[in-house]
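In this note's numbering, the protein residues as written are 245 to 459.
Source of the hints: derived by calculation from the structure; they are not laboratory data.
Among the hints, a few may not be true.
[Unchecked claim] Calculated lysine-lysine pairs in the DSSO-like style (CA-CA distance at most 30 Å, straight line): (1) K380 with K393; (2) K356 with K433; (3) K264 with K395.
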Amino acid sequence: MYIEKIFQLLYNESMYRFLKVSFFIIIFFIICNILSFFLRNDRNKYARLVMQDFYDQENIDFLLCGASHVAHGINPQLAKEYFSGNVFCSGTSAQKMPATYAVLKEAINKYKLKKVFVDLDFGMAIGQQIKFFDKKPSVDIYLVSTYLKNKLIKYEYLLKATSPKYYLNSILPIGVDKQIELNPITIVKNLKSKTTGEYYDYNYEAINASYVRGG
245 MYIEKIFQLL YNESMYRFLK VSFFIIIFFI ICNILSFFLR NDRNKYARLV
295 MQDFYDQENI DFLLCGASHV AHGINPQLAK EYFSGNVFCS GTSAQKMPAT
345 YAVLKEAINK YKLKKVFVDL DFGMAIGQQI KFFDKKPSVD IYLVSTYLKN
395 KLIKYEYLLK ATSPKYYLNS ILPIGVDKQI ELNPITIVKN LKSKTTGEYY
445 DYNYEAINAS YVRGG
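Given these sequences and hints, build the entire structure.
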């Protein structure tokens, strides 16, 4: 009888601890998402515009993957005429092969691709290979992962792109190299653009540069 009561007490205590920890984790992630809404300053970021455009396509026939050479070296509208099909350039700044692979898997799941071209720039493809446990967070990693909609592909990519000691930083919506802005003036401007809807217009503003739809 006493043993049964002890087990019941332990069970209740374990359940209480489990619920308390679960509640803490849920609240923690909610707070992080709220902070991300206020502090992430990516309204005019090229990668955000590219990824939004990527998901807005009716179909992609020819996908061009890579880093800056693809992003800034190919006009998809001109390429569209040459290939006689819809061309999309998914290149982002310093995009390495794991990020390219993640984008490619997302594209295969969403579109009926006819052909894929991958830029094998030495620095991105081979020259920056790092041992797994030495992999650290970097802006180029999160430029892609932040906007991936398929959670399975996103987290699989993050588990490979960074080492275990940085997993929490990778999974949270805020952290190192997550485009977080702490300048009060910028925070106010950023919040204003989100509340007025300007943030969701996906316009790109840069000196002597413009964005051509299709990447």
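Each hint tested on the structure:
no.	hint	in the structure
1	K380 with K393	holds (23 Å)
2	K356 with K433	violated (40 Å)
3	K264 with K395	holds (26 Å)
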